[in-house]
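J.: Assemble the complex: chain G is given as a structure, and chain Z must be docked to it using the hints.
Protein chains: 2
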Amino acid sequence: MEPPVKPIEWLGDRIRIIDQRCLPLKECDLTLETAADVAGAIKGMALRGAPLIGIAAAMAVAVEARHWTSSTWDEFEARLLAAIEMLSATRPTAGNLFWALDRSRKVLESHKPGGSPEAASSALIADAIAIYSEDLETGLRMGRIGVDLIREGSTLLTHCNAGGLATSGFGTALAPMYVAHQRGMNFKVYADETRPLLQGARLTAWELKRAGIDVTVICDSACHLMMSRGAVDMVFVGSDRITSSGDFANKIGTYGVAISARAAGVPFYVVAPVSTIDFDLEKGEDIPIEERDSAEVTEISGVKVTPRGVPAYNPAFDVTPAELVSGIITEKGLIRPPYPENLAGIRP
Amino acid sequence: MEPPVKPIEWLGDRIRIIDQRCLPLKECDLTLETAADVAGAIKGMALRGAPLIGIAAAMAVAVEARHWTSSTWDEFEARLLAAIEMLSATRPTAGNLFWALDRSRKVLESHKPGGSPEAASSALIADAIAIYSEDLETGLRMGRIGVDLIREGSTLLTHCNAGGLATSGFGTALAPMYVAHQRGMNFKVYADETRPLLQGARLTAWELKRAGIDVTVICDSACHLMMSRGAVDMVFVGSDRITSSGDFANKIGTYGVAISARAAGVPFYVVAPVSTIDFDLEKGEDIPIEERDSAEVTEISGVKVTPRGVPAYNPAFDVTPAELVSGIITEKGLIRPPYPENLAGIRP
Chain G
3 MEPPVKPIEW LGDRIRIIDQ RCLPLKECDL TLETAADVAG AIKGMALRGA
53 PLIGIAAAMA VAVEARHWTS STWDEFEARL LAAIEMLSAT RPTAGNLFWA
103 LDRSRKVLES HKPGGSPEAA SSALIADAIA IYSEDLETGL RMGRIGVDLI
153 REGSTLLTHC NAGGLATSGF GTALAPMYVA HQRGMNFKVY ADETRPLLQG
203 ARLTAWELKR AGIDVTVICD SACHLMMSRG AVDMVFVGSD RITSSGDFAN
253 KIGTYGVAIS ARAAGVPFYV VAPVSTIDFD LEKGEDIPIE ERDSAEVTEI
303 SGVKVTPRGV PAYNPAFDVT PAELVSGIIT EKGLIRPPYP ENLAGIRP
Chain Z
3 MEPPVKPIEW LGDRIRIIDQ RCLPLKECDL TLETAADVAG AIKGMALRGA
53 PLIGIAAAMA VAVEARHWTS STWDEFEARL LAAIEMLSAT RPTAGNLFWA
103 LDRSRKVLES HKPGGSPEAA SSALIADAIA IYSEDLETGL RMGRIGVDLI
153 REGSTLLTHC NAGGLATSGF GTALAPMYVA HQRGMNFKVY ADETRPLLQG
203 ARLTAWELKR AGIDVTVICD SACHLMMSRG AVDMVFVGSD RITSSGDFAN
253 KIGTYGVAIS ARAAGVPFYV VAPVSTIDFD LEKGEDIPIE ERDSAEVTEI
303 SGVKVTPRGV PAYNPAFDVT PAELVSGIIT EKGLIRPPYP ENLAGIRP
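Residue numbers (the working numbering), protein chains in the order written: chain G, 3 to 350; chain Z, 3 to 350.
Same shape as in the complex, but just chain G (with noise of 0.2 Å):
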């Protein structure tokens, strides 16, 4: 199975991205040639999403090494190392921007006996198109395990973007949709706008519509009243962090569509790989949450929207406490509750 989209492609020496902010009326990419490139488009939301910000970190830290192979070893790795932090300032919130950073400093650790820039680079760049591929496979898995979920004629409800757009192309929450799609099932799904940067109605409209999926946009406010009339069966969400404990963050509002899909008994579940677990930590109030500036909420296609000096609060997460969680689906299998026990039964 082919994914629907890709965000994200490793050219040898760059990166082109599907650049997001043109989506849905228009489509560019942009190319980008060092690790400041990349921390500018994960910080300005040219690509985002938790494991798509992994991927990008990855092959950020990739193409700088490529750059400095012919420096000294003590030079490459300041270099990298520089690169490695200004990349992990980009996004508090993203589990899975630190996960990856991790495991491009853990690559560079095991060159270090060696001192060869050009050893530890190509090994770079090989971890990095891993976590690609790897990110692919799991995406697919995930879509497999969670299609079980949906019935012929379901209508699903999701909360920003967590689709192929978030990943390397088969997306969390969007998965097993792509999955049942291609199985042929009939569904229908209610995308959130998602205020402030409305990445529900561009960028999961954009990719379901192109797949061939039944999609509908509603306002987040809507969703309450839609539960409560029954018109959803059952919520999908990503995640950008879960703790150990089963409380997990995602877009801010999610935790409002769970609050009501519990008050309507409508299943909530939420998708998302195991990198995106913060085994170390344990209660969702521990993770930190970005905010994000106020003229994203004052502010839309460039009109202002609120009266001059009245200030926004813009914060980009909530968290969600795990009571209110009906399954995590991950490459793993789908862990129910108790979350402390099944989620560290899957801990790699």
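Among the clues, some could well be false.
Per the computed footprint, the stretches of chain G lying under chain Z, defined by three or more beta-carbons under 8 Å from a beta-carbon of chain Z, are [as the list claims (entries may be wrong)]: (1) 200-209; (2) 258-270; (3) 289-302.
Here are the simulated lysine-lysine pairs, DSBU-like style, with alpha carbons at most 30 Å apart [stated by the list, open to error]: (4) G:306 <-> Z:190; (5) Z:306 <-> Z:108; (6) Z:306 <-> G:211; (7) Z:334 <-> Z:285; (8) G:45 <-> G:211; (9) G:8 <-> G:28; (10) Z:190 <-> Z:334; (11) G:306 <-> Z:211; (12) Z:306 <-> G:28; (13) Z:8 <-> Z:334; (14) Z:28 <-> Z:306; (15) G:28 <-> G:285; (16) Z:190 <-> Z:211; (17) G:190 <-> Z:306; (18) G:8 <-> Z:306; (19) Z:28 <-> G:306; (20) Z:45 <-> G:306; (21) G:306 <-> Z:306; (22) Z:285 <-> Z:45; (23) Z:45 <-> Z:28; (24) Z:211 <-> Z:108; (25) G:285 <-> G:211; (26) Z:8 <-> Z:211; (27) Z:28 <-> Z:190; (28) G:306 <-> Z:8; (29) Z:45 <-> G:45; (30) G:190 <-> G:211; (31) G:211 <-> G:8; (32) Z:114 <-> Z:334; (33) G:8 <-> G:45; (34) G:28 <-> G:45; (35) Z:306 <-> Z:334; (36) G:108 <-> G:285.
Keep in mind the hints are simulated off the structure, nothing from the lab. As the structure is a prediction and not an experimental result, all values here were calculated from the model. Glycine included, C-beta positions come from ideal geometry on N, C-alpha and C.
T.: For chain Z alone, kept in the frame of chain G given last:
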């Protein structure tokens, strides 16, 4: 105490309103000379808010009556009944609209025996002005009752605009805030932006800021996080229709705010005049929910944000069950549960 804003004014032979679609960056007025003008303004949301819609509808019948005073009674009556019918088709959820039009219809009927369009017209004008003045008094009264719930240093959250701009001038949910501010109390307000039409970001922020009240705008989806983190002490919202059991309709998203408020132990108050209560309706599920044009979701400030060919669903209201409501502040007092009994006690 002067009202903080004057959204509507009876000018003897026409009506002046603030065109709320211009706010917050421009301030422009509209002059309405016929019932059709007013119906268009209500439908197009140049004015909105259940109490203000009621006032405008009564003024619309009055302005229309003035046009037909030299007709026969039969023509006069037919024209006015047609105007009432047209006006009642503008916004199906607003309880005050039907309440005000019923009042106009009764004034009209009471003049049938005399058969004098001139006399009926004078009575309709007097009644429209009375509805306006009563609303001013009602707003101030609700403000003075609701203010007792606010403590020095409180942080309040509100959804949509239930302010001066939704009424004759003091508002419903915002009335207690204006009274608190006039008394020199310090408090802070979070205004949900309220997609799709951004009444919170545009109107609530505008009128609170204008009055010198500390207001911060958040995305609708951020209220759940704010409440779960203890950043909100109480919620005040308005209502478009309250049933005899205390279930109530309000702007889409209110139900989600209420569920999260309950989950976080945050008191949740509805502020509405008795005219919003539909004593003939028992269950919230029987309140008709207006569905508005999907373009309100798919376009923001005239810019298309969804992919071509993807539909949007745009319910304008949702219904919150009485069990999530800590109290209903009316001009007759703060009504606590059990609502069926306690609301019946204030039935006019």
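J.: Checking each numbered hint in turn, tell me which of them this model violates, lowest number first.
T.: Result: hints 5, 15, 24, 25, 29, 32, 35 break, sorted rising.
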